[in-house]
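Asker: Build out the structure end to end from the sequences listed, making use of the hints.
Number of protein chains: 2
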Amino acid sequence: MSDTADTRTGAVMAAIRRKMTSRALLPGDKLPSIRRFAETMGVSPSTVVEAYDRLAADGVIRARPGSGFYVSGSLPPLAVAQVGPRLDRAIDPFWVSRQSLEAGPDMLKPGCGWLPADWMPQAAIRRALRRLPHADDSTLTDYASPQGSPALRALLARQCAQDGLPVGPDQVLLTGSGTQALDLIGRFLLRPGDVALVDDPCYFNFQALLRAHQIRIVSVPMTSDGPDPVLFAQALADHRPRVYLTNSALHNPTGATLSPQTAHRVLTLAAAHDVVIVEDDIFRDYEPTPSPRLTVLDGLERVIRVGSFSKTLSASFRCGSIVARRDWIEALTDLQIATNFGGPSPLATDLIATALSDGGHRKHLDGLIRRLSRARRAALDRLDSLGVQPWLAPRGGFYLWCRLPDGRDAAALARAALRDSVIFAPGNVFSVAQTAGGFMRFNAAHMTDPRVYEVLARLLRAPPETLTPAD
Amino acid sequence: MSDTADTRTGAVMAAIRRKMTSRALLPGDKLPSIRRFAETMGVSPSTVVEAYDRLAADGVIRARPGSGFYVSGSLPPLAVAQVGPRLDRAIDPFWVSRQSLEAGPDMLKPGCGWLPADWMPQAAIRRALRRLPHADDSTLTDYASPQGSPALRALLARQCAQDGLPVGPDQVLLTGSGTQALDLIGRFLLRPGDVALVDDPCYFNFQALLRAHQIRIVSVPMTSDGPDPVLFAQALADHRPRVYLTNSALHNPTGATLSPQTAHRVLTLAAAHDVVIVEDDIFRDYEPTPSPRLTVLDGLERVIRVGSFSKTLSASFRCGSIVARRDWIEALTDLQIATNFGGPSPLATDLIATALSDGGHRKHLDGLIRRLSRARRAALDRLDSLGVQPWLAPRGGFYLWCRLPDGRDAAALARAALRDSVIFAPGNVFSVAQTAGGFMRFNAAHMTDPRVYEVLARLLRAPPETLTPAD
Numbered sequence: 001m002s003d004t005a006d007t008r009t010g011a012v013m014a015a016i017r018r019k020m021t022s023r024a025l026l027p028g029d030k031l032p033s034i035r036r037f038a039e040t041m042g043v044s045p046s047t048v049v050e051a052y053d054r055l056a057a058d059g060v061i062r063a064r065p066g067s068g069f070y071v072s073g074s075l076p077p078l079a080v081a082q083v084g085p086r087l088d089r090a091i092d093p094f095w096v097s098r099q100s101l102e103a104g105p106d107m108l109k110p111g112c113g114w115l116p117a118d119w120m121p122q123a124a125i126r127r128a129l130r131r132l133p134h135a136d137d138s139t140l141t142d143y144a145s146p147q148g149s150p151a152l153r154a155l156l157a158r159q160c161a162q163d164g165l166p167v168g169p170d171q172v173l174l175t176g177s178g179t180q181a182l183d184l185i186g187r188f189l190l191r192p193g194d195v196a197l198v199d200d201p202c203y204f205n206f207q208a209l210l211r212a213h214q215i216r217i218v219s220v221p222m223t224s225d226g227p228d229p230v231l232f233a234q235a236l237a238d239h240r241p242r243v244y245l246t247n248s249a250l251h252n253p254t255g256a257t258l259s260p261q262t263a264h265r266v267l268t269l270a271a272a273h274d275v276v277i278v279e280d281d282i283f284r285d286y287e288p289t290p291s292p293r294l295t296v297l298d299g300l301e302r303v304i305r306v307g308s309f310s311k312t313l314s315a316s317f318r319c320g321s322i323v324a325r326r327d328w329i330e331a332l333t334d335l336q337i338a339t340n341f342g343g344p345s346p347l348a349t350d351l352i353a354t355a356l357s358d359g360g361h362r363k364h365l366d367g368l369i370r371r372l373s374r375a376r377r378a379a380l381d382r383l384d385s386l387g388v389q390p391w392l393a394p395r396g397g398f399y400l401w402c403r404l405p406d407g408r409d410a411a412a413l414a415r416a417a418l419r420d421s422v423i424f425a426p427g428n429v430f431s432v433a434q435t436a437g438g439f440m441r442f443n444a445a446h447m448t449d450p451r452v453y454e455v456l457a458r459l460l461r462a463p464p465e466t467l468t469p470a471d
Numbered sequence: 001m002s003d004t005a006d007t008r009t010g011a012v013m014a015a016i017r018r019k020m021t022s023r024a025l026l027p028g029d030k031l032p033s034i035r036r037f038a039e040t041m042g043v044s045p046s047t048v049v050e051a052y053d054r055l056a057a058d059g060v061i062r063a064r065p066g067s068g069f070y071v072s073g074s075l076p077p078l079a080v081a082q083v084g085p086r087l088d089r090a091i092d093p094f095w096v097s098r099q100s101l102e103a104g105p106d107m108l109k110p111g112c113g114w115l116p117a118d119w120m121p122q123a124a125i126r127r128a129l130r131r132l133p134h135a136d137d138s139t140l141t142d143y144a145s146p147q148g149s150p151a152l153r154a155l156l157a158r159q160c161a162q163d164g165l166p167v168g169p170d171q172v173l174l175t176g177s178g179t180q181a182l183d184l185i186g187r188f189l190l191r192p193g194d195v196a197l198v199d200d201p202c203y204f205n206f207q208a209l210l211r212a213h214q215i216r217i218v219s220v221p222m223t224s225d226g227p228d229p230v231l232f233a234q235a236l237a238d239h240r241p242r243v244y245l246t247n248s249a250l251h252n253p254t255g256a257t258l259s260p261q262t263a264h265r266v267l268t269l270a271a272a273h274d275v276v277i278v279e280d281d282i283f284r285d286y287e288p289t290p291s292p293r294l295t296v297l298d299g300l301e302r303v304i305r306v307g308s309f310s311k312t313l314s315a316s317f318r319c320g321s322i323v324a325r326r327d328w329i330e331a332l333t334d335l336q337i338a339t340n341f342g343g344p345s346p347l348a349t350d351l352i353a354t355a356l357s358d359g360g361h362r363k364h365l366d367g368l369i370r371r372l373s374r375a376r377r378a379a380l381d382r383l384d385s386l387g388v389q390p391w392l393a394p395r396g397g398f399y400l401w402c403r404l405p406d407g408r409d410a411a412a413l414a415r416a417a418l419r420d421s422v423i424f425a426p427g428n429v430f431s432v433a434q435t436a437g438g439f440m441r442f443n444a445a446h447m448t449d450p451r452v453y454e455v456l457a458r459l460l461r462a463p464p465e466t467l468t469p470a471d
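Line order of the protein sequences matches chains A and B.
Numbering-wise (UniProt numbering), the first sequence opens with residue 1 and increments by one.
Numbering-wise (UniProt numbering), the second sequence opens with residue 1 and increments by one.
Hints listed in this document are in silico derivations from the structure and should not be mistaken for laboratory results.
Watch out, some of these pointers could steer you wrong.
SDA-like mimics (lysine to any residue), calculated; alpha carbons at most 25 Å apart, straight line [what the hints assert, rightly or not]: (1) LYS30/B <-> ASP274/A; (2) LYS19/B <-> ARG325/A; (3) LYS311/B <-> THR139/A.
Answerer: This is the structure we're talking about:
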């Protein structure tokens, strides 16, 4: 049912829908009373009645006689209830994803996790696209082979060999995305109630994903060299996790790099406790020099590598990868057929293979690395003048993990910034143990607009009690 | 580790790997003894020793001292163990998928579930591809918005309206495929141990998918008008399923069409027992005239529609859809972000929207329907001469659900046909209750090569005991 008929009624309906999208209202929540919302919206109560009635007719809300209106849906106990905590909308790991993905072009996204479109290798992609109309019929309309494009798998196998890990293309599975790779692995390895270990802080979607699997999550504090080895040993002994999930190359969000000593200790401990390690290699192209890889030290006995092309080539193409021992790849391939009838589009893998072989690709990456280096330096300078300090200065990548001055609360600041059309990523969305309330992750590639610093400066100066939640 | 060094050793290794791919060997299975496999392969035992040692070094197999070699991997109790039964490789629902998806161009696939590439709208797709290099930067590299392309969602909303179901684009979620849509819904609605109801027979991947969710599956026999209403009522009362999963338009594999009376009874019973219905609309474009839709009668109170572009436009593009009540769409959208960071590629949805608006599309569909009609008639004639009879003559679509003569066993025949490079789909892969041992599903679009009938004829004449499993 469309919202066209009456503009005021439509505006009220749209406001309620926005509250649901921003998760200010979740299924089962009570809507504002008719009188109160009429005041808030500056319309007559009858307009709100009309709007609520139409939302009820759509099934979006339900009237409970004598009680008011409630958002529809008894949330099943699965997935969604665990995708993110309901405690506080701004620290919901989900909130940052949804806001960033839905943001219109007028919104600034220093909290998002990807590069602006114009930083990506657009020219190489357009060149690759021009070849597509000449692809054979099968590439245009057939399902992919179960493990995916042999050419792209061979490329990834060569990449592993260059890292010091000789694998065959049959140990590579192409997936619909890096996230989907993690999801498949989760379904393969984990049962509800199992324990997973992550870093504190860690990429927020690890949390949302593990919650969707009803996994109990414990965390180990990061140091500048990787997870704290002593606390890592303790976490393994105390909680007996089935899996440890981490980044290689450049840690998200801290930018830290695993040291050889920590890598070796982590692997030794994992072997002693029969823990599987999943190493998300998504930022490999951004490190200036190679750093230790758990997959390489381990030789794929108990470590699985996940990769993606979303951060260096295109997030639109939807292609990720898993490198693992052959028998696990076989099982994961079956699981991907059962749940998605295959992996990435043959068109997409064709495009990726072509773009990666493009003569300009290496040059583009080198230019990107330099550009990011300048962007990080410029952002750190501006942030420093506001009293915002990095936890460490990263060797590469987009993220700056910074502490706000004067014990300011990042979540409150992020909520307030929404009203200024700026989306920040407050620290606690990255922290299962909620230890990062005073931190923020900034994406240096989205810190070039002066408005980011204007809004940040103003909110850092505002008395904390004035930072009320956005409506 | 590559298989290049010694050709004979490589051949032995490849043969073992093929057994694993075809699931003749699963994790934990014992490999043939060295002596026996040397005889089978016509090589010296030392060659087999070398091959087994190298496979062990790859981690693919493990030696158990005093016992022999075993395929590596303790299969976790999840997913894979339930993706398909181990009883008999040919009735494993998975076997048909894997064989068909991996089949080289020399293999004939009368058992597969899609059209040959040259039947698909190649010209319109190439025209749409030519426009892509001119798309904006964002389409080429950005993540999709959470629900996906507004234009494509509006198109699907209009399609629903034409069916008699007025919905807004906000009630549509674009997914990575029709299968992934079903998978998301499964994760949203179902917990391990829940019961799901399907038709007998039903699309085999429904089984594989439900097993991956550890769902108990019960079935209701199909009639030519839809599920048997009396048995449907009984199944609901006896088993209390959470969900009923079925096709609309043209049933897979029988080709049957839901009658208005059965539709109404099914919906009434579902409401009385609080069962959610998932209606897979994937063959909508193939019906000559519209037939009842449970979503339309229900108005999205408890029915969810799943769609896909894989059968009429392209299986390469990877795009499916869910139409449902708004609060469920919201939750499914969140779940898709957590598990895949979004739905289909913006490039893919752009292509689809363009190709669907192509002036030639309606004409192509009409031509396709006529071509399929001729193909079904021709196939039925040839099959009739072999004593193979259809259960019913379908109004449209590709499938012919047929009984073999003389009580022949379809699974044995399908296994033997592999040796002749023909992939058939034996009836019991479609039947949870295993009632279809004498049936086969033929895809009329893959029945034009005379070799299909030669192989079928020969195997139907061969004494049953001679149909030994392919090695």
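Asker: Looking back at the numbered hints, which does the structure fail to meet, lowest number first?
Answerer: Violated: none.
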